[in-house]
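Chains A and B, in that order, are what the protein sequence lines are. First residue of the first sequence: 1, per the working numbering; consecutive thereafter. First residue of the second sequence: 1001, per the working numbering; consecutive thereafter.
Calculated directly from the structure, the hints in this document are not laboratory data. Keep in mind that a hint or two might mislead.
Take a look, some chain A residues computed to stay more than 10 Å from chain B by CB distance [to be verified]:
#1 Pro72
#2 Gly223
#3 Asp228
#4 Ser289
#5 Lys373
#6 Pro379
#7 Arg405
#8 Asp476
#9 Ile496
#10 Gly502
Mimicking SDA-like on lysine to any residue, the simulated pairs with C-alpha atoms at most 20 Å apart in a straight line are [stated by the list, open to error]:
#11 A:Lys79 x A:Gln91
#12 A:Lys449 x A:Pro412
#13 A:Lys311 x A:Leu292
#14 A:Lys322 x B:Pro1248
#15 A:Lys322 x B:Met1258
#16 A:Lys311 x A:Gly445
#17 B:Lys1198 x B:Gly1131
#18 A:Lys452 x A:Asp483
#19 A:Lys345 x B:Asn1257
#20 A:Lys345 x B:Met1258
#21 A:Lys322 x B:Asn1257
#22 A:Lys322 x A:Ser291
#23 A:Lys322 x B:Gly1161
#24 A:Lys449 x A:Asp476
#25 A:Lys449 x A:Gly419
#26 A:Lys322 x B:Trp1159
#27 B:Lys1184 x B:Val1199
#28 B:Lys1198 x B:Leu1125
#29 A:Lys322 x B:Arg1259
#30 B:Lys1198 x B:Val1141
#31 A:Lys345 x B:Ala1236
#32 A:Lys452 x A:Ser417
#33 A:Lys345 x A:Glu433
#34 A:Lys322 x A:Gly347
#35 A:Lys79 x A:Gly45
#36 A:Lys322 x B:Ser1260
#37 A:Lys311 x B:Pro1248
A virtual CB, placed ideally from N, CA and C, is assigned to each residue, including glycine.
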Amino acid sequence: MTAIELPPVVELAGITKAYPGVVANDSVNLLLHGGEVHVVLGENGAGKSTLIGVLSGMVTPDSGRILVDGEPVQIRSPKDALDLGIGTVYQHSLLVPTLSVIDNMMLGTAKLFSLDREQARRRLDELASVLGVQIDPEATVGDLALGERQQVEIVKALWRGERALILDEPTSMLTPQGVQALSEVVRRLVGNGLSVVFITHKLNEALDLGDRITVLRRGRNAGELAPDKIASTERGDLKDLVVELIFGAVDPDMSMNQGEGGSLDQQSVCFRLEEVSLHGDKPWPVLDSVSLEIRRGEIFGIAGIDGNGQKELAEVIAGQRKLDSGEIFLDEESVTGLSVAARQKRGIRYVTDDRHGEGTVGELSISLNTVLKRVGQRPFWRRARVRHSLIREFAATLVAEHDVRTPHEEVPIANLSGGNVQKVVVGRELAMEPRVVVYNKPTYGLDVKTIKAVLARIVSQANQGTVALLISTELDELISTCDRIGVMYQGRITGILDSQPGIETRLGELMTGGGEPA
Amino acid sequence: MTDVATPLGDEGFGSVDEHSKGLSQHAKGRMNSVLMAVLPVFAAVACGGILLALLGRDPVSFYSNVVDHGLLGSLGRQESLIRMAPLLLIAAGLMVAFPAGIWNLGTDGQFVVAGVVVAALGPELAPNVNGLVLFTVLFVVGFAVGAAWAVIPAVMKAWFGMNEIITTLMTIFLGVSFSSLLVKEFFDDPSTTVPQTKVLAVEDRLPRMFGSRVHIGLVVGLVAVLIVHYMMTRTAFGLRLRIVGMNPAAAEHAGMNMRSLTLSIFLLSSGFAGLAAAVEIAGVDGMVRAEWNPAFGFAVVPLVFLARFHGPSVVLFVAAFSSFSIGGESASRKADLPNYFVLVMVALMLIFLAISEFLQARSKNVVKDE
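Here chain A stands alone, though its shape is the one from the complex:
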């Protein structure tokens, strides 16, 4: 097979890109061959977006080379990339919905004073036949179905040349039929000699479509599967291989929950979700009949790739979002209809993953942020009048207990580092008799030391009998902290496993939709 392999049309060699505090791409290599679908797989934060950014001219790498047909080139802007025939279809539409298809095509390509509609129309026909689809040039983009709109996006990406096409998670908004149509289009394109880069985190899709697979992990190449390897390996083994490449091995010294397991079974179920559903703007429900039973003192993990309904689940429990059907029970009492404040009072707490956006008010002091969810309540307010000394005292205790590093508690919270803000937020939610605490990615963006502190806090709180729901994308963190782990995929709990070393492959399969028949 290697004999007929064509030389790469685009080659990325040793691409490195660092942002403050994180190396997004660390000497990453990527070879794009004509006539091939090259799937790039990886978790959130593995470096996929940065790599696409480099290819499409949105990101300038710190070092590394880009070769097109063997010649070194510079891609300084999206225009450079398009001129080289490298087009990108992003997750979010860049078409103008109120304009027609043909007008969208001419945007940005037409000359200043001439609008050559005829030529544009010929190019559209030409590309439509390459894709093997019918496109009405006069249709208004906003009226098209999502799948059709995507075809228009592809045409637009190829408008100035057809060397390589990058599709960034192109199936995330598509129905199964839409996915089928897309894969036919992709097949036709590579049949015409194009190189297609297909970014995804769905395993089945990757295996169905990919001629070649590159896996990124923590900004580096974790491995590449060449076409002959893919062809010669059985599908089940291939899955295991890819999952291992994506998630890596678990760090063994993070275990925390050992020794507590046995006594949990005697504890009664304290918190229960019954068939909770929520509809959003996607073709499938955001939450699809989610049922959970969690015992007193249990840490229940929710694993999943970002955007599979975890945030919505947390918000539904907190009361920030109304569910469409289903019930939530705390000690067999329904809390479904209660407001955020009422749930807060009953001990249902939510540590949001968006600590700067919604968790805190940056301009306010640390002390006021510690009572953000208790404004107007006793003892901090009496007859609607604020009692600053009590608030300050409460904040000082919290700052000391949670080891928040700050000169004093009247500093605007925006002045604190992310880790210290997180300690304040966690401290706030754990104060005053928590019963159920939802932690949404509580260690996101923190340094190793703070991560350990936060996880230790979660464990010690659970040991006092509090129910914990720990949402995370980090498998090793979940396995080392949780008693059981449920996996969310497209709004459903696709499996619940007892947490123990060695389950990461199975979790990875469930997270990428591989747990179901392909």
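Fit chain B to the given chain A structure using the hints.
Chain B only, in chain A's frame:
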């Protein structure tokens, strides 16, 4: 506009700190905000002076005329104090709305509609009740009508997220037209030739203080501004409003009821505009003519920003503006300039305010980058 609102988080309002360690920094911050408020005024005066010189007028004599007539002369000073009353009440309303990020720009509409209703009611009521009852009823009615005129933008904002800048501005035009309609069709005094309401007899108007012409509305305005300042800095309700303004997502996350908060903000802020009209009618005008719109609201908006929503500073700025506009009116006449020159000065102050905000924000960023 939201950017302008931010400084009150650390200085003007959030004065939680009397904490020892925070004190020096805090004092520095307060110095800074005083400077920030005063600099644009000086810059505007300097710039206005250059304009006057370019127009061939003597800036020194213009400004000294302003001071003579607006501040030093007894008549002008009284006039300035009388003018302060409605401005302070409108400012009190804006001090509720702006920190919460609700841009109620329709106070002029709320003002005129409330004014017409109060003007129509006053002369009917006055012969039958004593002064206390009369003024209580007129104030309550003024407040209620002002608030009612904001119900539509309030509901559109709270339920449909519609931009209140547009809707409240629209209600000014509607309000002015509607009040003209009321004056011409329903409340017209047949004994006059121009369309106007009946006149509230001079002896039935708000009591005057200390033998001067200054009526008690000034006290009402001062008390309103100070109460609102207290409410915004010391009460749970005020903190909720500020949180909504600073970070609506956090307000929602903390379980605050955004709809009822939005409604209360609208009703309070427009109610104060209505109260302002009641005070102006019962204290000064005694009646309303068709097409009446003194446009006090638009004059107050920049003042509230210059004062950064800080109550005592609002009083100072309103006082300065009142004497400037009273003094400026006669100084403009003397210098043979249109009355609009006063507005030019206010515009200059705003431009310099924006510039100083920008410079401050930039210097903050520079520090962060290092």
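For this session: May I ask which of the numbered hints given earlier this structure violates, with the numbers listed in increasing order?
Result: The structure conflicts with hints 5, 12, 35, although it agrees with all the remaining ones.
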